[in-house]
Amino acid sequence: MRIEVDIRKTLRSRSREFRLDVAFVCNENLNVMFGASGAGKSVTLKAIAGLERPDAGRIAVNGRVLFDSAAGIDVPARHRGVGYLFQDYALFPHLSVEENIAFGLKPWWQRRPRHNVRRKVADLLEIFEIPTLGSAYPQQLSGGQRQRVALARALIRAPNVLLLDEPFAALDPMLRSRMRDELLNTQWLFKVPMLVITHDPDDVATLAESLLVLRDGRTLREVSLNGPPFRDDEGRPVTAEIRRLLAESRQLPDAATPAALRTADAVS
Amino acid sequence: MNPFSEDVLIPLFLSLKVAGWATVVAGFSGLSAAYLVAKVRFPGRELADAVLTLPMVMPPTVLGYYLLVLIGRRGVIGGWLDRELGISLVFTWQGAVVAAAVVSFPLIYKAARAAFEGVESQYEQAARVLGKSEWNVFFRVTLPLAWRGILAGMMLAFARALGEFGATLMVAGSLPGRTQTLSIAVYEAVQAGNDQVANFLVIVTSVVCVFILVASGYLLKPRYATA
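So the protein lines, in turn, are chains A and B. Residues in the first sequence are numbered from 1 upward in steps of one, following my numbering. Residues in the second sequence are numbered from 1 upward in steps of one, following my numbering.
Warning: the hint list may mix true and false statements.
Unchecked claim - Straight-line distance between alpha carbons at most 25 Å, and here's what the computed BS3-like set of lysine-lysine pairs gives:
hint, chain 1, residue 1, chain 2, residue 2
1, B, LYS110, B, LYS17
2, A, LYS9, B, LYS39
3, A, LYS46, B, LYS17
Hints in this document: simulated from the structure, not taken from any laboratory. Fair warning: this is a prediction, and the values are worked out from it, not measured in the lab.
Please work from the sequences and hints to get the whole structure.
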C-alpha cells in the first residue's frame, strides 16, 4: 500500500487563516498521523477521501491518481474506493444496523439488498460479534458497537485503504484499549491498509507502524517504526522515542498556531 | 341547517382543492429554494432568504396587488400568458392557487431550510464515500432525515392556504362556486346576515385547522434523538 500526498490548502474564516501544506508517503499497513487538534489532520484525511478539495497538489493511492491540480484530475469521493470512519461514526440514524452496513452495496431501485449482499452483512455481523443487532438502530447501540458497525459498513465495499478519523475519541477511556486491539485484529483479518489520525500518544504506541507528525498544517516528521509489536527487549511498548518526538513537536515555536490565533480573537 | 347543503360543501371542496394545489406548488418551489439556500454558498444568500420570507410578513392585500401587477391581464407574466397561450389567471380558481401558494410559500421554505440545515453534513459525506451520487445522497440520506420537518412545514402551509383571504380576494375575487373559498364564504355569509351558514363554515374551518396543527406538532417532535 502506498498513499502519496502533497497538497496545499488555505482555509479562511472571519478572522483566521489556516494554511495546510503537507507532503508525505505512507507505505505501511498501519500508518498513524499524529498532531494536536487544529494541526490539519482532519482536512488532510478528508482531502484523501475526496470530501475536501485542496487548492493545489497531488494525491495518489497505490499509484492511482485521485487528485492532481496540475493535470486537472479530481476523482469524486464516490469513485475513490476509499473507506472512511468518521469520528462519531456517522451511522445513518434512519436506517437499521443491517441497512447501514448494506448501504454502500444497495442500489436505490432495490427495496432489499441482493442475497449475496445480505449474506455479506450477516458474515460481518458475525465477525464483529454483533450477530443479534442487525435490526437495531444506531441510537440503541453502545459506543463500541457503533464503531464495529461503522467498520463493517466501510469494509463491505472492500476499500483500497481505510481512513480513520480519531476512531477512539468518542469512546470512554476504559473501552479504548480494547477497541485498539480490535482494530489491530480487523487490520490483520481484512488486510486493509489503514491511515489513522489521532492526538492520543497511546494510539501511536499501540497502532503505529509508521508515524507522521503534523503541526500547524505542516508535516513535521515521518518515522517508520519497523512494524509491530512495538516493544523493546523487555516487552514494554516502545513509547519513549515516540513520546520524545511528540514532546519535541509541541515545543517548536510558531507564532501562527491556531491556539495563538484563538487567543488573538479573544483579545480583539 | 343541513351540513351537506351546497352553501357549505361547494366552498369547502373548492378550498381543499385550492389549498391542496397551492401546497404542491409551494412545496416544490419551497423545497428547491430551501435546498439551494441551505446547501449552496453564494453571494447574497441572506438577502435571498429575506426576499423568500417576505410573503410571511407582508399584508396579503399588498401581495395580492403585486400578484395583479404580475399576472393580471396587463401584467408582465399575465400579459404574456394571455397573448401566447390565451390563459388568464385573474378571477379563476387557478389564480386563487397562485395567491395561496405565494402566501404559504415561506412556511414551507422556512421549515425545509431548517430541516436541511439540521441534517449533519457528516451523513451526506458518509454516503458519498460509500459510493453514492449526489441524487442518491439527497433521496436516501438528506430527504429522509429532513422529511419530518418538511412535512410539518407543508401541513402548516396547507392550513395557511386553506385560510387565505386577502390575496385570494384580490386576485380571484369572490365568485360563488368558482373562486369563493371557505374564508371568503364566511365573510360573504356574515355580510349577508346568514348566521347559520357562517356558524357552520367557521366550525368546519376550525376543526380542519386544529387537526392540522395537532398532526404537525406530532411530526415536529424529534425522533432520532441520540441516547
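These are the hints, each one checked on the structure:
1. LYS110(B) - LYS17(B): Holds: LYS110(B) and LYS17(B) sit about 24 Å apart, inside 25 Å.
2. LYS9(A) - LYS39(B): Between LYS9(A) and LYS39(B) the Cα gap is close to 22 Å, so the pair holds against 25 Å.
3. LYS46(A) - LYS17(B): Answer violated: LYS46(A) to LYS17(B) is near 49 Å, above 25 Å.
Going down the numbered hints, you'll see the structure goes against just number 3.
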